[in-house]
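Enquirer: In the order they appear, the protein sequences are chains A and B. By numbering that gives the first Met the number 0, the letter at position 18 of the first sequence is numbered 17, and the numbering carries on one by one without gaps. By numbering that gives the first Met the number 0, the letter at position 533 of the second sequence is numbered 532, and the numbering carries on one by one without gaps.
Please keep in mind that the hints were generated in silico from the structure rather than gathered at the bench. We put the beta carbon where it would ideally sit given N, CA and C, even for glycine. Just so you know, not all the hints are guaranteed correct.
As the list claims (entries may be wrong) - Negatives, chain B to chain A, calculated, CB over 12 Å:
1. 36
2. 38
3. 44
4. 103
5. 106
6. 158
7. 180
8. 436
9. 449
10. 465
11. 485
12. 534
13. 536
14. 563
15. 571
Stated by the list, open to error - As a list, the in silico PhoX-like pairs of lysine-lysine whose alpha-carbon atoms are at most 25 Å apart:
16. B:150 / A:146
17. B:150 / A:112
18. A:112 / B:443
19. A:218 / A:117
20. A:129 / B:150
21. A:20 / B:150
22. B:438 / A:20
23. A:240 / A:227
24. B:408 / A:129
25. A:117 / B:27
26. B:180 / A:129
27. A:197 / A:68
28. B:478 / A:20
29. A:83 / A:129
30. A:117 / A:221
31. A:20 / B:59
32. A:112 / A:227
33. B:408 / B:150
34. A:117 / A:227
35. B:150 / A:123
36. B:150 / A:117
37. B:441 / B:408
Claimed, not checked - Now the in silico label distances, taken between C-beta atoms and shown as ranges:
38. B:442 / A:139: 52 to 60 Å
39. A:127 / B:316: 34 to 42 Å
40. B:299 / A:78: 22 to 30 Å
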Amino acid sequence: MNVVLELYRQDPTSTGEGEFKRYELTLEPTDRILDGLIRISRDMDGTLSFRKSCAHGVCGSDAMRINGKERLACKTLVQDVTEKEGDVVRIEPLRHLAVQRDLMVDQQVFFEKFRSVKPFLIPKDEVQEKERLQSPEERALFDEATKCINCSACYSACPVLDDNPDFIGPAAIVAAARYVFDSRDQGLEARLDVLDSKNGVWPCENHFECTRVCPRDIKITKLINLTKREIKKYREARGEKTAEE
Amino acid sequence: MVYEFDAVIVGAGGAGLYAALEAGRTAKTAVISKLYPMRSHTGAAQGGIGAALGNVEEDKPEWHAFDTVKGGDYLVDQEAARILAEEAVQTVYDLENRGLPFSRTPEGRIAQRRFGGHTRNFGEGPVHRSCYAADRTGNMILQTLYQQCIKNDVHFFDEFQVVELLLDGTRCTGVVVFELKTGEVHIFRAKAVLFATGGFGRMFRITSNAIANTGDGPAVLARAGIPMEDMEFFQFHPTGIKGMGILITEGVRGEGGILLNSKGERFMERYAPTMLDLAPRDMVSRAIMTEILEGRGVRGDREIDDWVMLDASHLGRDVVESKIPDIADFCRTYLAIDPAEEPMPVQPTAHYAMGGIPTDVHGRVDTGGTIYEGLYAAGECACVSVHGANRLGTNSLVDLVVFGRRAGKHIAEYVQNVSHGPVDEGAAKAYEARVAQLKTEKGKHPGPIYREMQSVMTAKVGVYREEGQMLEAVAAIRKLREDFQEVRVQDTAENFNTEVLAILELENLLDLSLITAVSAENRQESRGAHSRPDYPDRDDEGWLKHTLARLDGDKVSIDYKSVDVGIWEPKPRVY
Chain A
0 MNVVLELYRQ DPTSTGEGEF KRYELTLEPT DRILDGLIRI SRDMDGTLSF RKSCAHGVCG
60 SDAMRINGKE RLACKTLVQD VTEKEGDVVR IEPLRHLAVQ RDLMVDQQVF FEKFRSVKPF
120 LIPKDEVQEK ERLQSPEERA LFDEATKCIN CSACYSACPV LDDNPDFIGP AAIVAAARYV
180 FDSRDQGLEA RLDVLDSKNG VWPCENHFEC TRVCPRDIKI TKLINLTKRE IKKYREARGE
240 KTAEE
Chain B
0 MVYEFDAVIV GAGGAGLYAA LEAGRTAKTA VISKLYPMRS HTGAAQGGIG AALGNVEEDK
60 PEWHAFDTVK GGDYLVDQEA ARILAEEAVQ TVYDLENRGL PFSRTPEGRI AQRRFGGHTR
120 NFGEGPVHRS CYAADRTGNM ILQTLYQQCI KNDVHFFDEF QVVELLLDGT RCTGVVVFEL
180 KTGEVHIFRA KAVLFATGGF GRMFRITSNA IANTGDGPAV LARAGIPMED MEFFQFHPTG
240 IKGMGILITE GVRGEGGILL NSKGERFMER YAPTMLDLAP RDMVSRAIMT EILEGRGVRG
300 DREIDDWVML DASHLGRDVV ESKIPDIADF CRTYLAIDPA EEPMPVQPTA HYAMGGIPTD
360 VHGRVDTGGT IYEGLYAAGE CACVSVHGAN RLGTNSLVDL VVFGRRAGKH IAEYVQNVSH
420 GPVDEGAAKA YEARVAQLKT EKGKHPGPIY REMQSVMTAK VGVYREEGQM LEAVAAIRKL
480 REDFQEVRVQ DTAENFNTEV LAILELENLL DLSLITAVSA ENRQESRGAH SRPDYPDRDD
540 EGWLKHTLAR LDGDKVSIDY KSVDVGIWEP KPRVY
């Protein structure tokens, strides 16, 4: 079918706003939007810049806004975002991160926030000779959080970041929850200085935009609330106040 | 700019990150990756990592080593396979200790599932050996190792692409690197360089590989005059999503999924009576292709792009959603199919390069007589060789963690006792001139060359290979390499010029396609994944040897090195 991809273009050297450029091409309804972008860059306009790698939704490279919603270009089929011949699909870079060029954004801030929550095992005990034991039930407690691929879709969709760019954002909290709820980890305490701070978990206002756009179907808002609850429990047990209070 | 490190690791997948963690213990180490963090293709590995933990039933590393050798149709170096299987056990425990979220048995131990070609007691029947984290084991390995690198302050250069190797004779002194953000060309001086750049399945049209899998490491080394080992052995995974090549893990069959032809027959009964759907991948891919060529594919037209069905619907929704959730998601996204209800349309997909940069068991580049000092390779881009003519499922993850770790350890030792070698700083200037030339003139788009290369390789150097077709492929790739000289970039910008990067990647794929096609045409036997109707049998007398193929302009010269068969005598391969 004939479709028009209307792509945000921004010159890397200019500091001004970008503009939209239209590309008409023929794609199968079951083609990925990414297939369209690749076709443009290899056959029509070599100056188009975007990131991509795995092309099936597991590496997180190609999150962008497609018709206003954060999606992975490789997990969005043409038929998902068009209704009829000649439909226009508008593609823009993610929000809340600086545009480097065209559809590429600088994820450095995103990764700094990810790193700030200490997203690695802080073990409760010494290294074992074999594996640490963990029941399937304990393992299930953090399964959801292991699905994150750091694509930044949630970071772009989060309305809180519109007004408070210092909020660590949904993905960083998911990364923290991955370990906070892991029975092998020391959990919350080592990460409290970031999580239980002004720009830690508390700015989240349950807009659910992160959950709505997550291409991995992670119930992000729920994980944020579980983390908040865990922090409250921890502070209450010690007669302390949270940074929210 | 000139950077100086003790060790430079090229590639940030499983092998590169594990090596960086080990090398970084003593050596000033940098990791260079053309991608952003955690985008590497290790993250796409699904089904598991093989290790004889024996958590579900009795198992031994010796059985794992034997399965690896037999699975590789005896082209495996056997001491390397023994190391692989033995060190797999401790490495899996190490990964768990570093936080990897393995699925668990009811007793709380690491869960294990069956996988193709993995057997108990030297072939008696399938064994539970694959340690898994649902169907995203590779992603968990990638994340866990990257997280450990954060913890250990490993120094990363993201979106830097290595374009040239710096050698002083047979000693590696560093690499030339293109920085995407600025377009600058840098020199990284190093006492040791490890290439861990992954595979090059993008030379084929139907592939499970990432767009980034363009064989940058092997191509750079090949152009520096280092021969590539066993490039004719490329694995076609039996179950890629029809038309797209996206992988449907062997774990589906490990959990009980079965393959069916258009008549609803479980055809693997005819090809592998004992292991059935869990026979090694080369055999299952051939079985599917034979069904298709004999008219029992779903469409029934005997064309190579026909397909068969993989049925998991009898496993029930609970198993599908808990054991293969990502697969279910792929099916819903790309096929609008629910695998708990309906079978999945599948066809062989180019998946894994058994061949690559020849190394010894420490990861040192070893061309069978010459060891290149300070030059290492690990993971899919390397050929140790533990996979021989056909890799077993789960052994790619085993390979990259075991040999990535070993190479890192060796580098940590090695750099203690040597100084930096001499580097010609003019090398960066030469490369800058190359990029400038790509930009100055008008020329062709790369798209048609890319597509033609992929079509030729898929049609003529695929599951079954015939003499005439392979000769046509060699000629066609030669022609495409000539046409490539006329390709120019439209994009003249310095910053984030992804077009320059894409064209350099295409050049790498073309060079490796030529080496692959020539190596395939040269080997006159059928062994593992290399299957020739004109030479249908394995020929140990003539061909129990590794190919070494050296690129020299538009020619590829062939040499050989011996196979280590010190433990098990080659036998016919029956499953």
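Enquirer: Run every hint past the structure and note whether it holds.
Expert: Hints, verified against the model:
1. 36: 6 Å, violated
2. 38: Contrary to the label, residue 38 of chain B does not stay out of reach of chain A, its closest Cβ about 5 Å off (not over 12 Å).
3. 44: Given that some Cβ of chain A is not farther than 12 Å from that of residue 44 of chain B, nearest at about 10 Å, it is violated.
4. 103: 5 Å, violated
5. 106: Incorrect as stated: the minimum Cβ-Cβ distance to chain A is 7 Å, not above 12 Å.
6. 158: Its Cβ does come within 12 Å of chain A, the nearest being 9 Å, so this is violated.
7. 180: 7 Å, violated
8. 436: 15 Å, holds
9. 449: 6 Å, violated
10. 465: At about 30 Å from chain A, residue 465 of chain B clears the 12 Å cut-off, so the statement holds.
11. 485: It holds; residue 485 of chain B is separated from chain A by about 14 Å at its closest Cβ, greater than 12 Å.
12. 534: Answer for residue 534 of chain B: holds, closest chain A Cβ roughly 35 Å.
13. 536: 37 Å, holds
14. 563: 31 Å, holds
15. 571: Given that every Cβ of chain A is farther than 12 Å from that of residue 571 of chain B, nearest at about 38 Å, it holds.
16. B:150 / A:146: 21 Å, holds
17. B:150 / A:112: Holds, at about 14 Å.
18. A:112 / B:443: 43 Å, violated
19. A:218 / A:117: With a Cα-Cα distance of about 21 Å, the restraint between residue 218 of chain A and residue 117 of chain A holds, given a limit of 25 Å.
20. A:129 / B:150: Given that 25 Å is the threshold and the Cα spacing comes to 22 Å, the pair holds.
21. A:20 / B:150: Given pair residue 20 of chain A, residue 150 of chain B is violated - Cα atoms ~43 Å apart, limit 25 Å.
22. B:438 / A:20: Given pair residue 438 of chain B, residue 20 of chain A holds - Cα atoms ~23 Å apart, limit 25 Å.
23. A:240 / A:227: Satisfied, since the Cα-Cα distance of roughly 13 Å is no more than 25 Å.
24. B:408 / A:129: 21 Å, holds
25. A:117 / B:27: Cα-Cα ~23 Å, so holds.
26. B:180 / A:129: Measuring from Cα to Cα gives roughly 44 Å; hence the hint is violated.
27. A:197 / A:68: 28 Å, violated
28. B:478 / A:20: Since the Cα atoms of residue 478 of chain B and residue 20 of chain A sit roughly 35 Å apart, the hinted pair is violated (cutoff 25 Å).
29. A:83 / A:129: 58 Å, violated
30. A:117 / A:221: Holds - the C-alpha atoms of residue 221 of chain A and residue 117 of chain A are around 21 Å apart, at most 25 Å.
31. A:20 / B:59: 61 Å, violated
32. A:112 / A:227: 18 Å, holds
33. B:408 / B:150: Judged against 25 Å, a Cα distance of about 19 Å means the pair holds.
34. A:117 / A:227: With a Cα-Cα distance of about 17 Å, the restraint between residue 117 of chain A and residue 227 of chain A holds, given a limit of 25 Å.
35. B:150 / A:123: 16 Å, holds
36. B:150 / A:117: 8 Å, holds
37. B:441 / B:408: Cα-Cα ~48 Å, so violated.
38. B:442 / A:139: 52 to 60 Å: Since residue 442 of chain B and residue 139 of chain A have Cβ atoms about 56 Å apart, the given range 52 to 60 Å holds.
39. A:127 / B:316: 34 to 42 Å: Between residue 127 of chain A and residue 316 of chain B, where Cβ atoms are some 35 Å apart, the hint holds.
40. B:299 / A:78: 22 to 30 Å: 27 Å, holds
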